[in-house]
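Following the hints, position chain V against chain G.
Residue numbers (our numbering), protein chains in the order written: chain G, 3 to 445; chain V, 3 to 445.
Keep in mind the hints are simulated off the structure, nothing from the lab.
Pairs count within a copy or across copies, as identical chains cannot be separated in the list.
No farther apart than 25 Å at their CA atoms in a straight line, the calculated lysine to any residue pairs in the SDA-like style are these:
| # | residue 1 | residue 2 |
| --- | --- | --- |
| 1 | Lys398 | Arg178 |
| 2 | Lys398 | Asp147 |
| 3 | Lys165 | Gly340 |
| 4 | Lys156 | Phe167 |
| 5 | Lys156 | Asn234 |
Since the structure is predicted, the reported quantities are computational estimates derived from the model, not experimental observations.
Protein chains: 2
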Amino acid sequence: MASTANAISLSLPTIHNPSSLSKPKSLPDFYLRFHNPNPKFTRVGLSVTNPSNRIRTLSTIRASAASVMEASSKEKALPTIVEVDLGTRSYPIYIGSGLLDQPELLQRHVHGKRVLVVTNSTVAPLYLDKVVDALTRGNPSVSVDSVILPDGEKYKNMETLMKVFDKAIESRLDRRCTFVALGGGVIGDMCGFAAASFLRGVNFIQIPTTVMAQVDSSVGGKTGINHPLGKNLIGAFYQPQCVLIDTDTLNTLPDRELASGLAEVIKYGLIRDAGFFEWQEKNMPALMARDPSAMAYAIKHSCENKAEVVSLDEKEGGLRATLNLGHTFGHAIETGFGYGVWLHGEAVAAGMVMAVDMSYRLGWIDDLLVKRVHNILEQAKLPTSPPDTMTVEMFKSVMAVDKKVADGLLRLILLKGPLGNCVFTGDYDRKALDDTLRAFCKS
Amino acid sequence: MASTANAISLSLPTIHNPSSLSKPKSLPDFYLRFHNPNPKFTRVGLSVTNPSNRIRTLSTIRASAASVMEASSKEKALPTIVEVDLGTRSYPIYIGSGLLDQPELLQRHVHGKRVLVVTNSTVAPLYLDKVVDALTRGNPSVSVDSVILPDGEKYKNMETLMKVFDKAIESRLDRRCTFVALGGGVIGDMCGFAAASFLRGVNFIQIPTTVMAQVDSSVGGKTGINHPLGKNLIGAFYQPQCVLIDTDTLNTLPDRELASGLAEVIKYGLIRDAGFFEWQEKNMPALMARDPSAMAYAIKHSCENKAEVVSLDEKEGGLRATLNLGHTFGHAIETGFGYGVWLHGEAVAAGMVMAVDMSYRLGWIDDLLVKRVHNILEQAKLPTSPPDTMTVEMFKSVMAVDKKVADGLLRLILLKGPLGNCVFTGDYDRKALDDTLRAFCKS
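Here chain G stands alone, though its shape is the one from the complex:
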């Protein structure tokens, strides 16, 4: 268990009804930042322990809050903290607005005096200066180098990874340095694998700037690169010192990237959190409109789900694999169609529809759930079928090298039972898989 030292326990009403945020601007709750008419405020640690007792959520609020307003930019918003419990490798996820304006959050996790920020050509002009400032403000002994990679999944390969090593070595970084990933999932995965491998492992911080990275890839320590024959086939399990999610970075995110990230948010609901799925069904318009409080709620709940699963099964012995609902079909789409033509979440969305279709053919779920999945993905403007060019053979060929193949048996994550339940199994009628592939492919 994570330490609860310094967390003041206080009984405050928490919102357990997942639909209570369906009007996020009218109901106060602790996920929102409150305007405080009184300049003095009390910091309160609100400890919400989930049933498994393996993750802990700390929300800091201003106790005298009375109305919901955007905090002024000069006020410091205290972050929501989700703790990932992994023994000596535990770490916090900070979630909130304006966190990059709070240098102490980052600096407490920097070891040594040298930092390498790994980012890409899209994110660097937007946030690199801000991150360098957050790392060095009031901290002149720290020096920061940076490496700016080309942007896109197609660059998530060994050749690009070597540029990170080149820069680290040319900068003469030593074992006590810290690598900082600033960007989306591709940057986080590559920077994390570079940190895992440079001098056999250096410190590492995640600053995810996309919904996809904030709700999924930055949490849990999966790092790696693609191989021409498959996604993420080369990598490491390597946990960061912290994850810092400044929700303000979403302001610059393209709509398509936003939707892509929502595919993973929807996934958490489907596999293990029916209440969260129901909340999403009501709040998808708010999420698509980037309502800050709805977005913060979705990020926090996603991180909690991910943190809990990772805490229980870090190395993906079984449970963690369920986070890959739709991903085996999705990886086939990404590989067969060419990395980066579809975004990851777009491929996962189509993959989830296929997994749901197969679950229905097996008689494991009812048709209402199939419809609800279609509906929510359509609301999020995500695809509900693979690209026309995908063939049955393309799916089969790529799926045979998926990491979830064990001793030749392809295991899949499929829904089974009421909303929020799934299985990871190779024990299914192969005909259902064939039928699903044929139903979604023209040849």
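For chain V alone, coordinates are given in the frame of chain G:
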């Protein structure tokens, strides 16, 4: 602590006097294989616990042994076992003659049904068939693929590593496969890093075939590849399931490779085991003549020293760094002179002489020890100075990117005090380093 189940404790006289093996053919001891005139024999587990209680040695002998002879090739020699104690990642090192003729030793550590043997073009013609046989004999459900890399330190790079991933992916290996490293240190380091990174980590077995790999690189989980700017800059700490040392593989080892490995054997004596060093001073002729019992003694004692250090400091927080005596100077030689022109142990030998010289200049050791180091290296036909082409600047440039630089301070392993004592420190007079570099370089 490793489990001691099934180890029958028995009080047998053990040889603690390191010089007692100075006539290895005349004195019986449990490191040797005994001829048993009676075809029935009793397997005895002899537990020798070292003072730190962190490693355990099991020697299996034939209880009625009376004279020292080579065992007939048809008899199975029971291996000496050195246990590396790393909690859930503990593993055995099997040491002995004819171990590749005992399929059950390897097979008990193979998980899943697929194996990839990684070897090189020199070792494959000698031992690949034998290893494939050991993996598959009586075990038809296991299938073995192999990848044969070019031989040499200069191929220990990302390009060659990718050939291992290519083969693993083309062979559609899954997470439950096992990688087997068959060869010297380069193969072990590359195969280990490939195993650490393939699908974020698969099982791994070391079958080292050089003295260097048997006494050092195969034990302790350091894996990795070189970067054009420095050795082993990219890698992982990744422990194998077991290390199998068949001493018969040394029969095909070139003399220069043999000597190179002895540099690391000498190192253990210098940094932490005065008795072992004294034994080596008496037995170096036997080692150079490949006397099987002397060699087995040296390998076992080296593995014990290494296993103890690794158990206490797996990730090289401090103690483990002392295993790098001479390596910082040596790495500079290998990098400055070009990988593979000198063998690793040759560079380490010259590097140890430089470290010893510097220790003497600092007044930390007496001149007798300096002479003893020279003498033993000369007996082993190892170099006692760097190549003529090395300059002070080449040393300084390469040493500045060494992994042992922390926050700009180069820490070195230096001898201090009586034989068998060393320090890992950045707290030394820089003039002594400069003087040593100038003394060993023409410019």
